[in-house]
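Chemist: Sequence:
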Amino acid sequence: MALLDIKNLTVEFDTAGGTLRAVDRVSLSVNEREVLAIVGESGSGKSVSMLAVMGLLPWTAKVTADSVTFLGRDILNLPPAERRRIVGKDMAMIFQEPVASLNPCFTVGFQIDETLKMHTDLNRRQRRDRTVELFEAVGLPNASDRLRAFPHQMSGGQCQRVMIAMAIACNPKLLIADEPTTALDVTIQRQILDLLVSIQAEKGMGMIMITHDMGVVAETADRVVVQYKGRKMEEADVLSLFENPKSAYTKALLAALPENATGDRLPTMVDFSLDDAPYTGARP
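According to the UniProt record's numbering, numbering within the sequence shown proceeds without interruption in unit steps and concludes at 284.
Hints are supplied without guarantee of correctness; some may be wrong.
Unchecked claim - Pairwise CB distance ranges (calculated): (1) K7 <-> S198: 28 to 34 Å; (2) Q191 <-> N103: 22 to 28 Å; (3) S27 <-> F110: 36 to 42 Å; (4) T19 <-> D145: 28 to 34 Å; (5) A16 <-> E202: 46 to 52 Å; (6) R85 <-> N123: 15 to 21 Å; (7) N31 <-> F110: 33 to 39 Å; (8) N103 <-> A81: 18 to 24 Å; (9) E219 <-> L122: 31 to 37 Å; (10) N171 <-> G17: 41 to 47 Å; (11) M118 <-> D145: 21 to 27 Å.
Stated by the list, open to error - Straight line, CA to CA, 25 Å or less: simulated DMTMM-like cross-link-like pairs of lysine to aspartate or glutamate: (12) K89 <-> D121; (13) K62 <-> E82; (14) K173 <-> E32.
Hints were generated in silico from the structure; no laboratory data involved.
Heads up, the beta-carbon is just placed ideally off N, CA and C, and yes, glycines get one too.
Could you put together the complete structure from these sequences and hints?
Modeler: Quick look at the structure:
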């Protein structure tokens, strides 16, 4: 049984110009100990899909699906209080902008303590020790001193490590990483990716990696879902995707990689005309 199984997820928003369908009948699944990459350019519905699964979209969003099953339960139909007990504990998310995602008014130690207080039975001293342990696990120096630091007193890379510590605080079964290295320099990006992969392997979690970076996909993923304009265009294991892409959009993505340049100018997605129908090949 899949850890998370999504069937025909659709997300719509009401706008001044009418209804915007940000996610269009997307189906995907991820298993225990598996890394699934969701890849596509900005605006393809990657983050919105996972925010819908987490229940973190505004109430004005219309979310429908045949089913969104996590650990055998259809979480879209759970009462809000019961869903909140799952989100943050068994299913956790690392967001794109670590500095913006942390509350500037509270110390990072307090913010992790709140997560532990909500989802565990640890007492105050045990929660403090657990927070220090988490900071050490994600490579924050002087872990005990960091408990009293505010987000603005830390670098982007350090804030991202705090976000990872918060996400893994309750040993989730599924970790969703939404562009976890976007705002970081190249050296820190490598450190964060290595950290995520090592934590995922050590704890045996399922992980969904949302990215537009095909290099990240090649290095971290077992299986890949390609999205464009809210649709799933292709799904394949990572080796098959790179060696034998099926959809025209995936081929265009790969052709835009610098290492695949064949002339003086790289192809761009502006030059690409999407096929009318998405790829519907059988899942490997």
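Chemist: Could you grab the alpha-carbon distance between K173 and E32 and see if it respects the 25 Å cut-off?
Modeler: At roughly 8 Å apart (the allowed maximum being 25 Å), E32 and K173 satisfy the hint.
Chemist: How does the Cβ-Cβ distance of Q191 and N103 compare with 22 to 28 Å: does it lie in that range?
Modeler: Taking Cβ atoms as reference, Q191 and N103 lie about 24 Å apart, which means the hint holds.
Chemist: For the range 41 to 47 Å, tell me whether the beta carbons of N171 and G17 fit it or not.
Modeler: 44 Å, holds
Chemist: For the range 46 to 52 Å, tell me whether the beta carbons of A16 and E202 fit it or not.
Modeler: 48 Å, holds
Chemist: Could you see if the CB distance from K7 to S198 stays within 28 to 34 Å?
Modeler: 32 Å, holds
Chemist: Just tell me: holds or violated, for the beta carbon distance of M118 and D145 against 21 to 27 Å?
Modeler: 25 Å, holds
Chemist: For the pair we were handed, K89 and D121, check the Cα-Cα distance against 25 Å.
Modeler: 13 Å, holds
Chemist: Confirm or reject the claim that N31 and F110 have a C-beta distance inside 33 to 39 Å.
Modeler: Roughly 35 Å apart at Cβ, these two residues keep to the hinted range, so it holds.
Chemist: Can you tell me whether the CB distance of R85 to N123 sits inside 15 to 21 Å?
Modeler: Once the Cβ atoms are compared, 20 Å apart, the range 15 to 21 Å for N123 and R85 holds.
Chemist: Return holds or violated for the Cβ distance of S27 and F110 against the range 36 to 42 Å.
Modeler: The hint (36 to 42 Å, Cβ to Cβ) holds, given that S27 and F110 are roughly 39 Å apart.
Chemist: For the hint 18 to 24 Å, verify it against the beta carbon of N103 and that of A81.
Modeler: Holds - the Cβ-Cβ distance for N103 and A81, about 22 Å, lies within 18 to 24 Å.
Chemist: Looking only at beta-carbon atoms, does the pair T19, D145 fall within the given range of 28 to 34 Å?
Modeler: 50 Å, violated
Hint 4 from the list above is the single one not met by this structure.
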